[in-house]
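Peer 1: Line by line, the protein sequences give chains Y and A.
Per this note's numbering, the very first residue in the first sequence carries number 1; after that it's consecutive.
Per this note's numbering, the very first residue in the second sequence carries number 311; after that it's consecutive.
Just so you know, the hints here were simulated from the structure itself, not pulled from any lab data.
Don't be surprised by glycine CBs; every beta carbon is placed ideally from N, CA and C.
It is possible that part of the hints are untrue.
Just some of the chain A residues that point at chain Y, by a computed CB distance under 10 Å [to be verified]:
#1 Ser338
#2 Val522
#3 Met526
Calculated pairs, SDA-like style, for lysine to any residue (alpha carbon to alpha carbon, straight line, at most 20 Å) [claimed, not checked]:
#4 Lys516/A - Thr94/Y
#5 Lys516/A - Glu91/Y
#6 Lys519/A - Asn72/Y
#7 Lys92/Y - Val361/A
#8 Lys137/Y - Arg107/Y
#9 Lys92/Y - Glu354/A
#10 Lys92/Y - Trp360/A
#11 Lys333/A - Glu78/Y
#12 Lys131/Y - Leu517/A
#13 Lys137/Y - Glu350/A
#14 Lys92/Y - Ser341/A
#15 Lys124/Y - Arg353/A
#16 Lys333/A - Asp163/Y
#17 Lys131/Y - Val361/A
#18 Lys333/A - Thr75/Y
#19 Lys519/A - Glu86/Y
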Amino acid sequence: MATAIECRGLRKTYDGKVEALRGLDLDIHAGECFGLLGPNGAGKTTTIEILEGLLQPTSGHVRIFDQTWHENERTLREWLGISLQETRLSEKLTVRETVELFASFYRQPRPADAILEQLSLTEKADTWVGKLSGGQKQRLAVATALVANPRILFLDEPTTGLDPQSRRQLWDIIRTFQKNGGTILLTTHYMDEAERLCDRLAIIDHGEVIAAGTPSELIDRLGGHHVVEFSVNGTRNAQTIDVWAALVGVESVRTDDGLVSLNVRQPHLTIPALLDAVENQGAELLHLTTRQASLEDVFVRLTGRHLRED
Amino acid sequence: MKAELQPISSALDSDGRSRLPKKNARWSAYSHLLIARMRELQREPEIVFWVFVFPLLLALGLGIAFRNKPADVPSLAIVAGPSAQHTLEALRGGSWKFRVDILESDDALNRFRLGKYDLVIVADEQGFTYRYDPARPESVLARSQVNEALQTSAGRRDPLHTNAQASSEPGARYIDFLIPGLLGMNLMNSGMWGVGFALVDMRQRKLLKRFVATPMRRSDFLLALTSSRLILMIIEVGLLLGFGILVFNMRVLGSWFSIILLGCTGAICFGGLGLLTASRAQKIESVSGLINLVMMPMWIFSGVFFSYERFPALIQPFIKALPLTALNDALRATILEGASLRTQGLRLLILAGWGSLSFVLALRWFRWS
Chain Y
1 MATAIECRGL
11 RKTYDGKVEA
21 LRGLDLDIHA
31 GECFGLLGPN
41 GAGKTTTIEI
51 LEGLLQPTSG
61 HVRIFDQTWH
71 ENERTLREWL
81 GISLQETRLS
91 EKLTVRETVE
101 LFASFYRQPR
111 PADAILEQLS
121 LTEKADTWVG
131 KLSGGQKQRL
141 AVATALVANP
151 RILFLDEPTT
161 GLDPQSRRQL
171 WDIIRTFQKN
181 GGTILLTTHY
191 MDEAERLCDR
201 LAIIDHGEVI
211 AAGTPSELID
221 RLGGHHVVEF
231 SVNGTRNAQT
241 IDVWAALVGV
251 ESVRTDDGLV
261 SLNVRQPHLT
271 IPALLDAVEN
281 QGAELLHLTT
291 RQASLEDVFV
301 RLTGRHLRED
Chain A
311 MKAELQPISS
321 ALDSDGRSRL
331 PKKNARWSAY
341 SHLLIARMRE
351 LQREPEIVFW
361 VFVFPLLLAL
371 GLGIAFRNKP
381 ADVPSLAIVA
391 GPSAQHTLEA
401 LRGGSWKFRV
411 DILESDDALN
421 RFRLGKYDLV
431 IVADEQGFTY
441 RYDPARPESV
451 LARSQVNEAL
461 QTSAGRRDPL
471 HTNAQASSEP
481 GARYIDFLIP
491 GLLGMNLMNS
501 GMWGVGFALV
511 DMRQRKLLKR
521 FVATPMRRSD
531 FLLALTSSRL
541 ILMIIEVGLL
551 LGFGILVFNM
561 RVLGSWFSII
571 LLGCTGAICF
581 GGLGLLTASR
591 AQKIESVSGL
601 INLVMMPMWI
611 FSGVFFSYER
621 FPALIQPFIK
631 ALPLTALNDA
641 LRATILEGAS
651 LRTQGLRLLI
661 LAGWGSLSFV
671 LALRWFRWS
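With the sequences and hints as input, model every part of the structure.
Peer 2: Dropping the structure here:
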């Protein structure tokens with residue numbers, strides 16, 4: 001498969017002190033939807049802005065369809081459609097004027113009307129940007145990227161702050177772009193979004209890739225596809241964690257505010273053993289659920305933190 | 311009828327435009343950026359007010375407040391006495407106009423002290439005593455006019471024949487001085503705010519960064535911003551001078567070509583200064599302070615509302631080196647005196663110098679993100 005984006009050993013140091021990236025490698029194939037995941041401050045935006053040619057890396061190199069920013073900036077700009085985080089477009093221009101303005105920058109853009117139609121903005125075509133809702137503004141930001149008729153779409157947190165319906169609308173737009181042969185690089189801190197949209201993803205923390213692969217590979221690597229969550233009262237003993245860890249088929253244990261999570265391979269073996277152990281401890285079971293492991297579990301396991309610390 | 315026609319027109323639309331892949335021409339980005347900028351300005355009522363309406367209101371207000379009036383009629387007090395009535399008649403008989411009262415001595419002096427009278431006249435056998443205040447121009451004027459009138463009525467003959475012609479020509483009035491100054495100040499204000507503030511606002515919105523992420527040429531962007539300034543400049547010049555001509559009968563002696571060329575030089579010079587103040591600032595609050603800091607000395611020293619010749623000679627070279635001084639002086643010379651551009655070489659050079667220096671520095675320091 002052809003490589004759309006390749007970067008090796010990206011480092012970025014701000015003011016000679018803050019290390020935003022510490023040697024980051026990525027390979028993104030043509031035609032795939034690739035996700036960069038990580039908590040705020042992990043280096044996602046720095047990475048994506050270096051790939052977009054907006055920031056110079058302190059060291060390391062980037063190739064996009066075998067071209068470099070240094071030698072072919074103008075060509076690369078024609079190939080990329082970009083939606084930056086938190087761009088506030090001019091409020092006193094209408095939706096159509098904004099899309100036509102961006103279209104005028106490219107040699108061969110897509111017709112503005114077709115883009116508005118595709119992003120369900122036709123009805124709002126003559127509305128001032130300042131009067132749009134959050135979801136409409138976000139769709140307009142993607143419209144300014146798609147009107148370029150790009151080979152690669154860069155989306156930096158495209159759905160942050162959107163209502164569920166607007167998010168789903170954007171997911172459809174992204175899938176359509178991919179179906180037509182486009183490559184997508186998106187950053188997000190929504191795990192469900194990454195699981196649904198991305199063919200492959202990389203989890204970034206403290207400026208490094210700490211895990212990469214398809215969503216199911218990553219979950220597999222967690223050890224155990226299932227999570228058993230429960231809470232008990234009557235045990236104040238710190239050693240009880242060791243009791244849970246020793247149960248049959250338990251891969252790892254995590255406690256979070258009284259809630260115990262076990263990563264297990266076979267819940268039907270672990271749960272009876274768990275019930276016995278609770279009784280032996282003289283405790284009472286308050287709550288018990290089982291669910292499929294998610295990328296959120298992978299992330300917490302890898303970093304010890306949640307993606308979104310609200 | 312309407313319902314039948316509609317499908318036809320929409321079919322034409324999709325045949326004619328949408329299906330053909332459109333290729334953008336070289337100047338497509340520039341023209342779209344310029345049109346977008348003009349639309350934004352036009353849709354911002356505050357900008358329309360401050361750039362176009364405010365200078366006219368200022369001209370109207372100051373033009374009325376400082377309009378030229380005929381000199382006040384001097385008011386005189388004659389101290390009551392045997393010759394008072396005779397003096398009064400002598401004053402009324404001459405060609406001068408006076409407002410005269412006859413008062414008791416204490417009363418007259420008291421009211422003179424309070425400024426009610428310009429002059430107190432005491433008549434006795436030897437002649438007249440004038441009590442006047444040398445620090446009050448109207449008092450000095452009253453003394454000389456009264457003296458003239460009394461001497462003439464007593465039979466003085468002037469050895470020389472003189473003629474006086476009244477002359478209040480347009481061109482020498484305060485409003486004539488004011489309007490070119492307001493024009494210069496307006497070009498400075500709108501240049502600094504229109505470029506400096508607009509750029510920092512776009513930087514703060516991350517819009518500059520978004521533009522730079524496209525194949526847009528940065529030179530097209532700056533060119534479009536400059537062009538929008540020039541278009542606005544022509545409207546500003548036309549409005550203010552047109553207002554002066556229509557409302558205050560102002561007379562424009564210089565050629566319009568020279569005036570527009572001066573306007574262009576001024577607009578570009580202050581656009582460059584605006585670009586320089588905006589080259590690094592990240593927040594509109596900080597650029598606002600910076601712009602005011604740059605403009606403040608020119609508001610005071612550059613002779614917008616009054617002549618800068620009132621300032622000490624020591625700082626005159628400094629004042630003349632300011633771009634707004636050069637612009638105001640050149641505009642006044644052209645509009646009021648009909649001076650040709652050739653005589654304005656030094657002033658144009660000062661404007662071009664400030665402009666190009668700030669452009670060079672601004673482009674070196676400018677941050678797009």
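Peer 1: Holds or violated: are the alpha carbons of Lys519/A and Asn72/Y at most 20 Å from each other?
Peer 2: holds, 19 Å
Peer 1: Between Lys124/Y and Arg353/A, is the straight-line Cα distance small enough, at 20 Å or below?
Peer 2: holds, 18 Å
Peer 1: Is the interface hint for Met526/A satisfied, with its Cβ closer than 10 Å to some Cβ of chain Y?
Peer 2: holds, 4 Å
Peer 1: Taking 20 Å as the top limit, are the C-alpha atoms of Lys137/Y and Arg107/Y close enough?
Peer 2: Violated, at about 25 Å.
Peer 1: Is the Cα-Cα distance between Lys92/Y and Ser341/A 20 Å or less?
Peer 2: Between Lys92/Y and Ser341/A the Cα gap is close to 18 Å, so the pair holds against 20 Å.
Peer 1: Keeping to a limit of 20 Å between CA atoms, is the pair of Lys333/A and Glu78/Y held or broken?
Peer 2: With a Cα-Cα distance of about 13 Å, the restraint between Lys333/A and Glu78/Y holds, given a limit of 20 Å.
Peer 1: Verify the proposed pairing of Lys92/Y with Val361/A, using a straight-line Cα cut of 20 Å.
Peer 2: Holds, at roughly 18 Å.
Peer 1: Please work out if Lys516/A and Glu91/Y have their alpha carbons no farther apart than 20 Å.
Peer 2: holds, 13 Å
Peer 1: Quick check on the hint: Val522/A CB to chain Y CB, less than 10 Å?
Peer 2: Holds - the Cβ of Val522/A comes within 10 Å of chain Y, reaching about 7 Å at its closest.
Peer 1: Should the interface hint for Ser338/A be scored as holding, given a Cβ-Cβ cut-off of 10 Å against chain Y?
Peer 2: holds, 4 Å
Peer 1: Starting from Lys92/Y, check that the Cα of Glu354/A is at most 20 Å away, please.
Peer 2: The hint holds at about 8 Å.
Peer 1: CA of Lys519/A to CA of Glu86/Y, is that 20 Å or under?
Peer 2: Holds. Lys519/A to Glu86/Y sits at ~11 Å (cutoff 20 Å).
In this structure, the hints that do not hold are numbers 8, 16 and 17, in rising order.
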